[in-house]
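Following the hints, complete the assembly by docking chain B onto the known chain A.
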Amino acid sequence: MKRAPTRRSKRRPWRKLALVAVVVLALAVGIVAFWVAHLDRVVTREFQGRHWSVPARVYAAPLELYVGAPVSADDLDQELRRLHYHSGDPATPGGYRRSADAFDVHTRRVRFIDELREPELVSIRADGNAITALKMGGTDLPVFRLDPPIIGSVSPIHGEDRLILSPTDVPPLLRAGMKLIEDRRFDEHPGVDVLGILRASWANLRARRVVQGGSTLTQQLVKNYFLSDEQTAARKATEAVMALRLEAHFSKEEILVAYLNEVYLGQDGARAIHGFGLGSEYYFARPLAELEPGDLALLIGLVKGPSYYDPRRHPDRARARRNLVLQEFAEAHLIDPAVAQRAAAAPLNLRPPGGSYVPAYLDLVRRHLKRDYAEADLAAAGLSVYTSLDPRAQAAAEHALSAHLKRLDAAGRRRGANLEGAVIVAEPNSGDVVAVVGGREFATDGFNRALDARRPIGSLVKPAVYLTALETGRYNAATLIDDSAIEIKLGDGSVWTPQNFEHVFNGPVPVARALAESLNAATVRLGLDVGLPKVAETLQHLGLETPPTLNPSLLLGTVEMTPLEVVEVYTALANGGFRARLRAVHAVLDEQGRPLKSFKVQLEEAAPPAAVYQLDRMLTLVTTHGTGRGVATRLPRGLIVAGKTGTSSDTRDSWFAGFTESYLSVVWVGYDDNQVTGLTGAVGALPVWADTIAALKSTSFQPVPPDGIDDRWIAFADGRETTPACSADAVLVAVPANTVLPAMSACNVAPGAPAGAPLAAGAKIPAGTKAAAGARASGTGPVATATKTSVGDKFKTWLKNIVH
Amino acid sequence: MRLTTFFSATACAAALLSGCPAPAPRASLPPRPAPTSSGGATAPPPAPPMPNPPSVNAPPRAPAPQRENHLSPATRSLVTQAHTLMAHGDLDGASSTLDRALRIEPNNPLLWVERGRLRLAENDAHQAEGCGRKALALASGDHAAQNQALRLLADALRAQQRNQEAHDVESQLGR
Chain A
1 MKRAPTRRSK RRPWRKLALV AVVVLALAVG IVAFWVAHLD RVVTREFQGR HWSVPARVYA
61 APLELYVGAP VSADDLDQEL RRLHYHSGDP ATPGGYRRSA DAFDVHTRRV RFIDELREPE
121 LVSIRADGNA ITALKMGGTD LPVFRLDPPI IGSVSPIHGE DRLILSPTDV PPLLRAGMKL
181 IEDRRFDEHP GVDVLGILRA SWANLRARRV VQGGSTLTQQ LVKNYFLSDE QTAARKATEA
241 VMALRLEAHF SKEEILVAYL NEVYLGQDGA RAIHGFGLGS EYYFARPLAE LEPGDLALLI
301 GLVKGPSYYD PRRHPDRARA RRNLVLQEFA EAHLIDPAVA QRAAAAPLNL RPPGGSYVPA
361 YLDLVRRHLK RDYAEADLAA AGLSVYTSLD PRAQAAAEHA LSAHLKRLDA AGRRRGANLE
421 GAVIVAEPNS GDVVAVVGGR EFATDGFNRA LDARRPIGSL VKPAVYLTAL ETGRYNAATL
481 IDDSAIEIKL GDGSVWTPQN FEHVFNGPVP VARALAESLN AATVRLGLDV GLPKVAETLQ
541 HLGLETPPTL NPSLLLGTVE MTPLEVVEVY TALANGGFRA RLRAVHAVLD EQGRPLKSFK
601 VQLEEAAPPA AVYQLDRMLT LVTTHGTGRG VATRLPRGLI VAGKTGTSSD TRDSWFAGFT
661 ESYLSVVWVG YDDNQVTGLT GAVGALPVWA DTIAALKSTS FQPVPPDGID DRWIAFADGR
721 ETTPACSADA VLVAVPANTV LPAMSACNVA PGAPAGAPLA AGAKIPAGTK AAAGARASGT
781 GPVATATKTS VGDKFKTWLK NIVH
Chain B
805 MRLTTFFSAT ACAAALLSGC PAPAPRASLP PRPAPTSSGG ATAPPPAPPM PNPPSVNAPP
865 RAPAPQRENH LSPATRSLVT QAHTLMAHGD LDGASSTLDR ALRIEPNNPL LWVERGRLRL
925 AENDAHQAEG CGRKALALAS GDHAAQNQAL RLLADALRAQ QRNQEAHDVE SQLGR
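Top line first, the protein sequences correspond to chains A and B. As numbered in this note's numbering, residues 1 to 804 make up the first sequence, in order. As numbered in this note's numbering, residues 805 to 979 make up the second sequence, in order.
In isolation and in its complexed conformation, chain A is listed as follows (with noise of 0.2 Å):
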């Protein structure tokens, strides 16, 4: 009776042990089914509705082509490879034939902002100036505008960027040479491979640390689109399970060309490289289609250490891995042997560093997008943004900031550290932004010195300042003003006592003088008089945001702006008194081509037109007598342009503002640490301004003069009215019709004034045209030369004939 209880009790534990272990393993079987349950939703849910970053591909401005079109046949050549026309044969689209200077080109089909076009044949002549003929099917065509070329993309998650490819963009050697050198069983093995674990386990084994790899192409896709890094068993295992439910939901093909799209292939500064699209872009410069076999082969070798085998730092191993694969290709006969040869032979063709990728750009686009666009807009897939980007513009531009600050810096100024600069090119007609250059490094991700530099403008300040005088309707042009020594009491206590840069005083001389020399007693003087709040209220309306400080340091610029900020408040002098809003973005759409926004001209009256007229004219002076006549030995002959130099306190900054009829450009050059450079804005940022404006082919300043407005002489050094037979000095100033103006006395000013003889009447011309400047800049085209008769023509004549 006793040894049954224990027998009973014996079992019982058994039992027990049993049951718990039942329960154990019932659960263990659920956790692992809802883990199993809850991946296969995260996998299916993130991996159809394709949500991982896509950046929206961002475009610049199409180059317009028209008769007369300052474009020459070699630029339009550029052009045409710079959007990946092959030359040779035009059969088929993005072909072209160039024969001297008659072009066939096959265009593409795309999309621009307001159509899709399909692919056309079309003929363009041009001559070394401009575009002459443009024909589609034997008919002229007025118009006709190039592909927008891609500029880059811009992702919600900064950093990483990738251009997407679709299944009919991957070359069938790329999807067989990937499987071959990741994953030979790709076609077999349902997401893991567990024979290829096992080799690469045997072999690490042997070699005693890992010299292979079993992850499937399927895994390292779900290792870089789901989770981490990090080395983990439990990592390991969700992976794995991740690839089995991703393969049993999707085809192989969906998960190669995902694959291609997601893998990383190396780093451009804070910028990541994604994805075989955007690989052949960073790379080679080409469009993926166009790859050769060795090309491809080296962008294979590179998923497995984009790093180690980066081809830029590391030619030699980048080389020798392109070698290993094409050998692979060969022996896995995806290639000719031969092929193979000539390819390992062949260097590595890279695309030379900077040039394509414009983030300085890119950092004001996607601050445009931001302040007009809420995020979760942005993110969805396959957007299109169009932008005023010109990249003829910005290659100028930055080719001209890169050159001039090698060249200041190996004058030696300062050892050890490098001057910086930024340059912003802009269409004051419209507001659009057409060139951004962030520092001298204009082809890396770094600080934006012309979005974010703000400094002292210095003497860019004045024309506000003489801009206000002119308001007042007491002051003109010939107006003198005493440029003597001044005593300023500050609030404080203490006496400002604002010197003349070359610390010499003039007396008394006429305005336009004061401003084209940039004489800081006299410009004081001017302030003063009519008005600190006046000014400062003049600078509000041109766009300054932040009222200025009150202080008659004020106008010798001690107010600090960026380069963007002097570009808005620019504007409207480059535009007859109108300020547009600057404008990056014309333009989003969205993946069928429907536009989600656009964005207007938008334009407000800043200053009265007829004062603007006036101060713009002298403007033209500072750049033939003044402190910005530097620009002679840069521009084209005969080129007239408006602007200003700028220096700031102890040349710490050096500034120029400048225009012509269509641009408009600011040059900022300074140390990023703020010490003295020793460069005026005459100096410094002037050559980079000259330069920049020369490469754009632009026509002159001449603006319209409004009704009221008189061209007279006067005499440079003392304002009184002459003519030129009379005074070396004489020039040409805009001031209200029947000013009476002082007259030399040894001058027999004829009562002819306002100066300017008629011209012979002519033939029209559109006002202001590219066309109109390009036929005459060449000679040709279709538009006769001479024109109407107008108080404006003598002083461009003059102007022209004393310029460079």
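I should point out that these hints are in silico values taken from the structure, not numbers from a laboratory. It should be emphasised that the depicted structure is a prediction, and the values quoted were computed from it without experimental measurement. Where hints are given, some of them may not hold.
Unchecked claim - Label-pair ranges, simulated between beta-carbon atoms:
{"#": "1", "chain 1": "A", "residue 1": "472", "chain 2": "B", "residue 2": "887", "range": "18 to 26 Å"}
{"#": "2", "chain 1": "A", "residue 1": "407", "chain 2": "B", "residue 2": "872", "range": "54 to 62 Å"}
{"#": "3", "chain 1": "A", "residue 1": "502", "chain 2": "B", "residue 2": "947", "range": "42 to 50 Å"}
{"#": "4", "chain 1": "A", "residue 1": "726", "chain 2": "B", "residue 2": "927", "range": "54 to 62 Å"}
{"#": "5", "chain 1": "A", "residue 1": "374", "chain 2": "B", "residue 2": "927", "range": "43 to 51 Å"}
{"#": "6", "chain 1": "A", "residue 1": "545", "chain 2": "B", "residue 2": "884", "range": "36 to 44 Å"}
{"#": "7", "chain 1": "B", "residue 1": "884", "chain 2": "A", "residue 2": "224", "range": "18 to 26 Å"}
{"#": "8", "chain 1": "B", "residue 1": "926", "chain 2": "A", "residue 2": "373", "range": "16 to 24 Å"}
{"#": "9", "chain 1": "A", "residue 1": "399", "chain 2": "B", "residue 2": "884", "range": "35 to 43 Å"}
To be verified - Over 10 Å on every C-beta distance to chain B, these chain A residues come out as not near it, computed from the model:
{"#": "10", "residue": "123"}
{"#": "11", "residue": "602"}
{"#": "12", "residue": "630"}
Unchecked claim - Lysine to aspartate or glutamate pairs mimicking DMTMM-like chemistry, simulated, CA-CA at most 20 Å apart:
{"#": "13", "chain 1": "A", "residue 1": "597", "chain 2": "B", "residue 2": "896"}
{"#": "14", "chain 1": "A", "residue 1": "597", "chain 2": "B", "residue 2": "894"}
{"#": "15", "chain 1": "A", "residue 1": "304", "chain 2": "A", "residue 2": "316"}
{"#": "16", "chain 1": "A", "residue 1": "236", "chain 2": "A", "residue 2": "247"}
{"#": "17", "chain 1": "A", "residue 1": "597", "chain 2": "B", "residue 2": "872"}
{"#": "18", "chain 1": "A", "residue 1": "135", "chain 2": "A", "residue 2": "46"}
{"#": "19", "chain 1": "A", "residue 1": "16", "chain 2": "A", "residue 2": "40"}
{"#": "20", "chain 1": "A", "residue 1": "252", "chain 2": "A", "residue 2": "46"}
{"#": "21", "chain 1": "A", "residue 1": "236", "chain 2": "A", "residue 2": "182"}
{"#": "22", "chain 1": "A", "residue 1": "304", "chain 2": "A", "residue 2": "182"}
{"#": "23", "chain 1": "A", "residue 1": "135", "chain 2": "A", "residue 2": "160"}
{"#": "24", "chain 1": "A", "residue 1": "597", "chain 2": "B", "residue 2": "972"}
Ideal Cβ placement from N, Cα and C applies to all residues, glycine included.
Frame of chain A; chain B shown alone:
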């Protein structure tokens, strides 16, 4: 900073057409304090423009020479295209097309009139007014273009219920 607060249309149009360079009053910023009261500085008494030496009177002005603006083949075709798009109700497309034309001829007043007409169609009378004023400034010396600009300006003002100003602008027509 709105244009409408800068000028009365009458003052602006009269100033532009008569050539009077005197600025119109700006009402959008607060009244200007006296220069010395808030400037933190005691400036010397305002120096009037310096006395001028003996002078001659400017002679009477010759009548302003005439000019005539017209569209080039490229911009004419773009304007035609913009009209077609407008007729189909695609105002965004028309706007982009006019942008292209203005990029080619930024200083052609006829194109600014076109842009202003489009802004009116978009019910943006304020921007239409800006375009009208810009066109008027560029049309100096071209009566036909001036009249087009004035008509646009008057329509833009009327669309903002500024009927008296519109009437004043219209009274400048054809002069």
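Earlier hints that do not hold, by number = As far as the earlier hints go, 1, 2, 5, 7, 11, 17, 18, 19, 23, 24 are violated by this structure, in ascending order.
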